[in-house]
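Got chain A; can you put chains B, C and D on it based on the hints?
Residue numbers (my numbering), protein chains in the order written: chain A, 5 to 314; chain B, 5 to 314; chain C, 5 to 314; chain D, 5 to 314.
In case anyone wonders, no lab produced these hints; they're calculated from the structure.
Using N, Cα and C, we set each Cβ at its ideal position, and we do this for glycine too.
Within a straight-line C-alpha distance of at most 30 Å, the following computed BS3-like cross-link-like pairs (lysine-lysine) qualify: (1) D:K256 with C:K264; (2) B:K264 with B:K102; (3) C:K287 with D:K104.
A few chain C residues that don't get close to chain A, going by computed Cβ distances all over 10 Å: (4) L166; (5) S175; (6) K192; (7) I263; (8) L271; (9) D288; (10) R290; (11) K291; (12) E296; (13) T297; (14) H304.
4 protein chains.
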Amino acid sequence: MEKNYLYFHDRFGGAEEHLHGVRRIIYEVRTPYQFIQVVESPTFGKMLIIDGDVQSSLVDEYIYHESLVHPALLTAHSPKVVVILGGGEGSTLREILKHKSVTKAIMVDIDKDATDIAKEYMKEWHQGAFDDQRATLINSDARAFVESNLSNNSVDVFISDLTEPYEGGPSYKLYSVEFYKTIFDRLKEDGVFVLQASLLRVTNYKMHTIIRNTLKQVFPIVRSYFAYVPAFDTTWGFIIASKKNDPKTFTKEDVDYMIKERITGDLRFYDGETHIALFNLPKDIRKLIETETEVITDLHYIPLERKENL
Amino acid sequence: MEKNYLYFHDRFGGAEEHLHGVRRIIYEVRTPYQFIQVVESPTFGKMLIIDGDVQSSLVDEYIYHESLVHPALLTAHSPKVVVILGGGEGSTLREILKHKSVTKAIMVDIDKDATDIAKEYMKEWHQGAFDDQRATLINSDARAFVESNLSNNSVDVFISDLTEPYEGGPSYKLYSVEFYKTIFDRLKEDGVFVLQASLLRVTNYKMHTIIRNTLKQVFPIVRSYFAYVPAFDTTWGFIIASKKNDPKTFTKEDVDYMIKERITGDLRFYDGETHIALFNLPKDIRKLIETETEVITDLHYIPLERKENL
Amino acid sequence: MEKNYLYFHDRFGGAEEHLHGVRRIIYEVRTPYQFIQVVESPTFGKMLIIDGDVQSSLVDEYIYHESLVHPALLTAHSPKVVVILGGGEGSTLREILKHKSVTKAIMVDIDKDATDIAKEYMKEWHQGAFDDQRATLINSDARAFVESNLSNNSVDVFISDLTEPYEGGPSYKLYSVEFYKTIFDRLKEDGVFVLQASLLRVTNYKMHTIIRNTLKQVFPIVRSYFAYVPAFDTTWGFIIASKKNDPKTFTKEDVDYMIKERITGDLRFYDGETHIALFNLPKDIRKLIETETEVITDLHYIPLERKENL
Amino acid sequence: MEKNYLYFHDRFGGAEEHLHGVRRIIYEVRTPYQFIQVVESPTFGKMLIIDGDVQSSLVDEYIYHESLVHPALLTAHSPKVVVILGGGEGSTLREILKHKSVTKAIMVDIDKDATDIAKEYMKEWHQGAFDDQRATLINSDARAFVESNLSNNSVDVFISDLTEPYEGGPSYKLYSVEFYKTIFDRLKEDGVFVLQASLLRVTNYKMHTIIRNTLKQVFPIVRSYFAYVPAFDTTWGFIIASKKNDPKTFTKEDVDYMIKERITGDLRFYDGETHIALFNLPKDIRKLIETETEVITDLHYIPLERKENL
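With the rest of the complex left out, here is chain A (with noise of 0.2 Å):
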């Protein structure tokens, strides 16, 4: 009976309001540095809600994260030591774990609360991932971590799966062009720091647009891609900063052969023609992520609001 959910409001800008069914709420708790839910919906199997934003479905969660992950993994050619940046629910790491050559996979999340609950109620997300000996949890600020914990020319690639800096909250830290420069620092020469880069279409594009410009400010090639995430209702940006090589020069041929070399496991998203469909935009898209010329920098917020452009 549809009568008895109750609904979850994800609230965009502009007078948009999309209503989820939700049957059930599994487990919520207001850690110290957010608000988490996760609940069970009739459409989306199970939801991992965070501050009022839906982060992924069971349904639909290897999209985003087959996006975020194998593209990137496929550019540093034979990436050893990946860290990612963020990443709760441990399905960046699952899938980072199907790439043979990683022999150190590190994961650096704040909330211990957040990682503890993807362990308990995600299962379906990590599938084990945590305990593989190649993976390490460590629960402590990011930004500290790559400034003091890890070595200049050390790493094959960085995963950053944050939520977004909204209302300047103190995440931004992890988005300024300092940072940014810290990260190509700890990089290996052919290393490479993928993003989750906000909601990207041609109504709400701000977010995405501030990062990837931030970006060209330290890495010579930055690529915008986006894939369709039905949970989020919406295309969903991502984008690759490359110190040397560029995923765009790829074609269907080459990303098939290396995944059928590098990669073990099936993938359910990604393949050689997905990765065409994935960093070939359409041209209103393309106009949008040129024009613009916002920097984000440890001493300059640009105050977006949730899901909305300026």
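Just chains B, C and D now, with coordinates in the frame of chain A:
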């Protein structure tokens, strides 16, 4: 003040409901065929809503209409006669008339009230297309017109821009294998049939795959593709069914060359790179669309609910 | 942060929908009889929801339960034996036990899960009433119990605290004229029957007036009254059907005197002045309730939709 | 088809939101003072909405307007001169003119657009009252008019039919103790002042109690009462402030006699029994309204949020 908006509720299946703020209703009427509303949204500008479904918005209708028209007309090589089934707003007509080769564009829409509303209240959509000397508007039943008023081997491109046949509505006879056979016969030997083909995402795809499978009973080449339309909050599916040429074989450069040679006026969404993005589908969607076995016939309608999987 | 609430949608007929924010679900279960949710609202505190209908909230349940119990028990003069039909939360029982004359309060609720939930999660409602020596809880069908386990002329007050028989649900046999005749027979000569009797407002009244008219076939004195309950967003109807005494004849002073003599513990809503307010009805409501002609019988159920007029 | 409705969202405080289906917008305009919408609801018929708040609906406006006008005019015994502050729709005027003793009814509403809209689109409300020879409509600031254009001891009844001074809006100077003193002076010795006085229910009452306490600084007799108005989904408060007579002393018979002698035309809500219901308040509400200590002055406004307690 946000609190003064009214809200349009776009009801998806499975307990999903999307609310779009509405500043005002510009016009609305119940015609003999449908309930039509032209409203103004703070996010999407003017919007056309038919029977509770968003049809198009001023902000992003170019995505839908360029995706529907240009790949098909380029696939046909040098189309002269183009027939639109439905197409109320006049935007499909507008895009067709950008092709220099077109000498005759016939639009057959059963609802005279709908096309009158488009002429009067949606000038930003049609931009005077109805007045072009090459255009003919006929308000009658599309199937009867195709069967009785067109001869075999006479049409270069058919464009189906109709609402979907949900819940066994009368439009389903425009989606049957028998009708598709008539379309096939009326087409010239390199003729192309393109359809708007319902929402296509991993949680909602059944209407698309049934239309696709029905077309495959008749046409040798059938290509699904999709574009994300923000006002729909979902990726939207299209299908090209072709007698001879295959749009998937075009390179980026092919498409950019054809656009330059054959199209006048600007395109905002479609170009060579967009074409590559459209016709390379993610792995999960490719898998979904290949497994369908249902076929719509004049006597066998599959009773799908609105925006719902079976 | 408001945006983290889930929302419960309370659907009235006629395109009315009331959204109540929910902080968390405290407990929920589908029993063999109904879907029960105990949630926490920022406005109303803990709330009980059954099959999508708000049953009571911590902030205002005293209005509903005092209105249901005290006018009836004062009308019966010196009630000893009181029988509750339904009454899940235990609040009706709690109020009955405030009357010094009561020696036996029997609560007959078919849903053991519901009363177990009340005992465990709704202690603020029952306040230990289930443990009172005068109280007996029986989990069985109320009609069968009244027919088989009670003798004629043995009960002072019956209290019907059941959900309404919408859409022909099985509870309608607790609303038929045949069952009301049995109730009449089981009552002592100054016995009283009081019912929660659905929402009563000028836009929604049909369920109330049909119950009332059915009672009028059996009882000589039938009095409708209503109280506004904020968590319901509407005035809620009750009916006293009496064999001999008429609560409308009581003065303010009568009621205040009886409360002082016969009731222990505090009342928050009901007193002499409240009684006068309850039993004097506005002209429009008086007119509405006098014109009903339908009667519910065991064989003739009137299929009302939820919270809807005919 | 329900799915074609737009919805008006009536936002209460504390995470409560009431959605009312809207068939169509009949008229809407932003005046210099407010945003006015006349819409058609399937449940409530034509509705007037100002700044996102339901003002009145065709189905139940008689409850509000009869409650506002008749108790006050009967309290004044033989009122000749009546002044309305605000009163846009013209229904308050309509009810006043039913009193045979009235020789002059002056309506002072600052918003000429609002009264023009009422004249044109809300004829079912005013029913021609604006054309009555005894009626005068003045579009100017009510406070300035009362201060400058009326002499002391000249008015029988003042009726305040204004929107509430939420969030420090400019109307708050029509709610200050200084203005109430002027009202007192302008009234004759048995004069009466009646106000619509915001929603009054146990979860939302602060605006009412502050207005009430402000009046108590000036008038010897102050009586709160309320009526349930379905389109508001809440009980609505009114206050009579009187120099000499007390409506609470009237019996049912007194009121019915006065109605018969002094009023022409039918009343649908108000009569003797209704009067008794209105002026006997439940115990919880009596307690709430007695404890207020705040007073609105010209220099001290209490910044209440819309429909929200402090």
